[in-house]
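Please model the entire structure based on the sequences and the hints provided.
Listed below, chain by chain, are the residues.
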Amino acid sequence: MKSLFQVGVVLTVCLAGELISGVLPITIPTSVVSMILLFVLLLVKWIKPRHIEQFGDFLLKNMAFFFIPAGVAIIEQFDLLKECLFPFLLICFVTTIITFAATAYTVKAVMAVQKKAREGRRDE
Amino acid sequence: MSEFFASPFFGVVLCICAYAAGLWINRKTGSPIANPLLIAIAIVIVVLLTFHIPLESFNQGGDLIAFFLVPATASLALSIYRQVWLLKRNFLPIIIGSAVGSLVSMGSVYGLCRLFHLDEVMLYSLLPKSVTTPIAMDVSAGLGGEPSITVAAVVVTGIVGAMLAPSLIKLFRVGNSIAAGVAIGTCSHALGTAKALEIGEVEGAMSGIAIGISGILTVLFAMALM
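Protein chains in written order, with numbering that gives the first Met the number 0: chain P, 0 to 123; chain G, 0 to 225.
Because the hints were derived from the structure by calculation, they are not lab data. The reader is advised that the hints may include incorrect statements.
Said to hold, decoys possible - In silico PhoX-like cross-links for lysine-lysine, where the CA-CA straight-line distance does not exceed 25 Å:
{"#": "1", "chain 1": "P", "residue 1": "Lys60", "chain 2": "P", "residue 2": "Lys47"}
{"#": "2", "chain 1": "P", "residue 1": "Lys60", "chain 2": "P", "residue 2": "Lys44"}
{"#": "3", "chain 1": "G", "residue 1": "Lys169", "chain 2": "G", "residue 2": "Lys27"}
{"#": "4", "chain 1": "P", "residue 1": "Lys115", "chain 2": "G", "residue 2": "Lys87"}
{"#": "5", "chain 1": "G", "residue 1": "Lys87", "chain 2": "P", "residue 2": "Lys114"}
{"#": "6", "chain 1": "P", "residue 1": "Lys47", "chain 2": "P", "residue 2": "Lys1"}
{"#": "7", "chain 1": "G", "residue 1": "Lys87", "chain 2": "P", "residue 2": "Lys44"}
{"#": "8", "chain 1": "G", "residue 1": "Lys27", "chain 2": "P", "residue 2": "Lys81"}
{"#": "9", "chain 1": "G", "residue 1": "Lys87", "chain 2": "P", "residue 2": "Lys47"}
{"#": "10", "chain 1": "P", "residue 1": "Lys1", "chain 2": "P", "residue 2": "Lys44"}
{"#": "11", "chain 1": "P", "residue 1": "Lys60", "chain 2": "G", "residue 2": "Lys169"}
{"#": "12", "chain 1": "G", "residue 1": "Lys169", "chain 2": "P", "residue 2": "Lys114"}
{"#": "13", "chain 1": "P", "residue 1": "Lys1", "chain 2": "P", "residue 2": "Lys60"}
Structure representation (structure tokens):
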């Protein structure tokens, strides 16, 4: 009963997320709306971690598994991709690495600036 | 026999076996290229092609698994909540990092597409490839791309991110769990986040936050292009 309750809570949040996503003026998918909604509900403590922990951790620990069908669907695009397979793969590879580096360095740079600002204030 | 393959149990069992094999090979080799998801996808595709099983039959079970993508993404809220003090303390670095990363992602795709003389359809299909599938598909369709190519690009990007994440953290000497997590989520959405969760709790939570932020920002940037 306890685990069924947990599944119920998470799926109810997803259902609400679907409703909200439908009425939003810009397209934000159900999954992202549900994530934000669940986060807000946890913050205001309407939902406590113990209400969803077992089911939530099950989903988090096996996250990659749920992507298998989406990946398999690539076979539908084989013909389309055959013509430009090399640039397609190269673009996916190179831009992912560039994006990773740009993001990581930006986060670190902003942190460094904040740290300096805090220290500067302390010196005054 | 075709009835057997069209049973929803077939798709689900095939995926579980393929993923178990992927995990086993990953443990045996310990190599990042032996990504369990990549191996599982390859095994399923080989099985489908060998036995001439149509994708629709496989999807009887596949759709049941894909159903859990939304609750799984929503569950990221739980891992973010567990690290909420880190989010509060590093709000600006996380937001600015994600924003810069999303812009760099779209900019680098644009530059490379021009370099390879790819057409507009390909460019618009690849532009949103670093964000989570549903957002990427909507952005692609809105710009005039081909959503099916976008899905393929999103998955390939996610696998590349998941595969390379541990090496990239070392290569670029990130040495900071927050920066690493935000970078993984911004460049390779939920698929990279699955890997980030394995690297550490902080990395996983930050990566989850980055999915949401980079996703929403990409929608806004794309609206500026339309």
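Against the structure, the hints come out as follows:
Using a Cα cut-off of 25 Å, the hinted pair Lys60 of chain P and Lys47 of chain P holds, with the two alpha carbons roughly 19 Å apart. Straight-line distance between C-alpha atoms of Lys60 of chain P and Lys44 of chain P comes to about 24 Å, which keeps the hinted pair within the 25 Å bound. Only pairs whose Cα atoms come within 25 Å are accepted, and Lys169 of chain G paired with Lys27 of chain G is accepted, the gap being roughly 22 Å. Proposed proximity of Lys115 of chain P and Lys87 of chain G is supported: the alpha carbons are some 18 Å apart, at most 25 Å.
Between Lys87 of chain G and Lys114 of chain P the alpha-carbon distance is near 15 Å, which keeps this suggested pair within the 25 Å criterion. About 14 Å separates the Cα atoms of Lys47 of chain P and Lys1 of chain P, which keeps this hinted pair within 25 Å; it holds. A distance of roughly 17 Å separates the Cα atoms of Lys87 of chain G and Lys44 of chain P; the hinted pair therefore holds under the 25 Å criterion. Restraint check for Lys27 of chain G and Lys81 of chain P: the C-alpha separation of about 32 Å exceeds 25 Å, so the hint is violated.
Taken as a hint, the Lys87 of chain G and Lys47 of chain P pair is honoured in the structure, with Cα atoms around 19 Å apart against an allowance of 25 Å. Between the alpha carbons of Lys1 of chain P and Lys44 of chain P the distance comes to roughly 19 Å, so the proposed pair stays at or under 25 Å and holds. Simply put, Lys60 of chain P and Lys169 of chain G have alpha-carbon atoms about 24 Å apart, close enough for the 25 Å limit, and the pair holds. With a C-alpha separation of about 24 Å, the suggested pair Lys169 of chain G and Lys114 of chain P falls inside the 25 Å cut-off, and the hint holds.
A distance of roughly 19 Å separates the Cα atoms of Lys1 of chain P and Lys60 of chain P; the hinted pair therefore holds under the 25 Å criterion.
Comparing the model with each numbered hint stated earlier shows that hint 8 is the single one that does not hold.
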